[in-house]
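Start from the sequences and build out the full structure, keeping to the hints where you can.
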Amino acid sequence: MRNLVTMFLLAFSLLPAIARAACECGYSTNITGVIEVFTDLIETDFTKVMEIKNNTDWIRQEFNKTNNNARGPLGEKFQPTNIAAVHEGSSSYGLSSTKADAGLQLLVESSTVDGLVPVAEIDSARDDVHHGSFRAMMKVPDVAGTCAAFFWYHNDTQEIDMEFLTREFNPSNNSFPVNLVLHSRASLEKGYDASGTGNFLKVNLGFNPTTDFHEYRLDYLRDEVTFYADGKVLGAMNGSAVPTEGGHLVLQHWMASVKAYFNSSLDTRKADHESRCIDPAAPGAVCAIPDNSAFFFSTQVNMTNNQTVSGMSGAEHSVAGAVNAPSWMLVFTWLFLGIWFI
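If you use mature numbering (1 follows the signal peptide of the UniProt record, and there is no 0), the sequence shown corresponds to residues -21 to -1, 1 to 321, in order.
Wrong hints could be hidden among the right ones.
List time: in silico BS3-like cross-link candidates among lysine-lysine, alpha-carbon distance up to 27 Å [to be verified]:
1) 181 <-> 44
2) 44 <-> 118
3) 118 <-> 32
Everything labelled a hint here was simulated from the structure, so no lab data went into it.
Laid out in structure tokens, this is it:
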């Protein structure tokens, strides 16, 4: 009997180790002086991706948009063939005739097809992306007439945009504006023009975004959205225009990486978090998001437990597990083996 009690105590002594694997309670960041914790993540280093079509975190888009829907003189033809991954060390020129920087290339063609401009877009596979902190390392093209964009989207009245209209750039006076937008019911009623709704800002970046990759970030909370460039706050918006639903991320133009730390709008993902987060105060239960564009939790050991992520090389979809922690099955196997030999 003493041996039986000992085995039970041994099994239960291992439970805290199971429940306290690294980052199991989430990922934290400082947003305007308040520490926020998010339960889920999407991380992609596009410079390491070999074949974007194999990466299950992202979906290449294929659809047409008329000029009326595009709200311009020309429509758009989104096609997967205009998307290519150029990985580090590659001799590939991607989709262009000149050597390209490593990253995800999204091409805008100069000619039209049936009145449509061939363009490219890639969206996150997950559409349950709710409140969170979203960062993209992006290089804006220096050709006038394109729209580089990084945004969060639920529908046309719940949308958060960071848009770069290259026709607005003027290197002679260091004018490189970015348009920060919350699309809402009010902007819909104004023909999708948010400039008169109080939820539109045109902010000069203070640097040339076409010469290098920079980190653009948007933090979407329950009552406010804050925009950043290279860690500097560009502006914030609040009020009824702040979205209330889950959505997905949208990328257009050159991307080196994307990091998304967020809460899911799905009850199943919320339940997953509740079951794995035993003690938020335990050491390592919450991991601080470092201000380091080269750091990815998904490349570390035991830091993306129960996160649904694609392999960094573009490999098949996988659910990251607590690879270094003993499993429930293993614990109770030890227990029953002990009982068997009593």
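Each hint, compared with the structure:
1. Between the alpha carbons of residue 181 and residue 44 the distance comes to roughly 26 Å, so the proposed pair stays at or under 27 Å and holds.
2. Under the criterion of a C-alpha separation no larger than 27 Å, the hint pairing residue 44 with residue 118 is consistent with the structure, at around 25 Å.
3. In summary, the hint linking residue 118 to residue 32 is supported, as the alpha carbons are separated by about 21 Å, within the 27 Å threshold.
Violation of the numbered hints given earlier is absent; every hint is satisfied by the structure.
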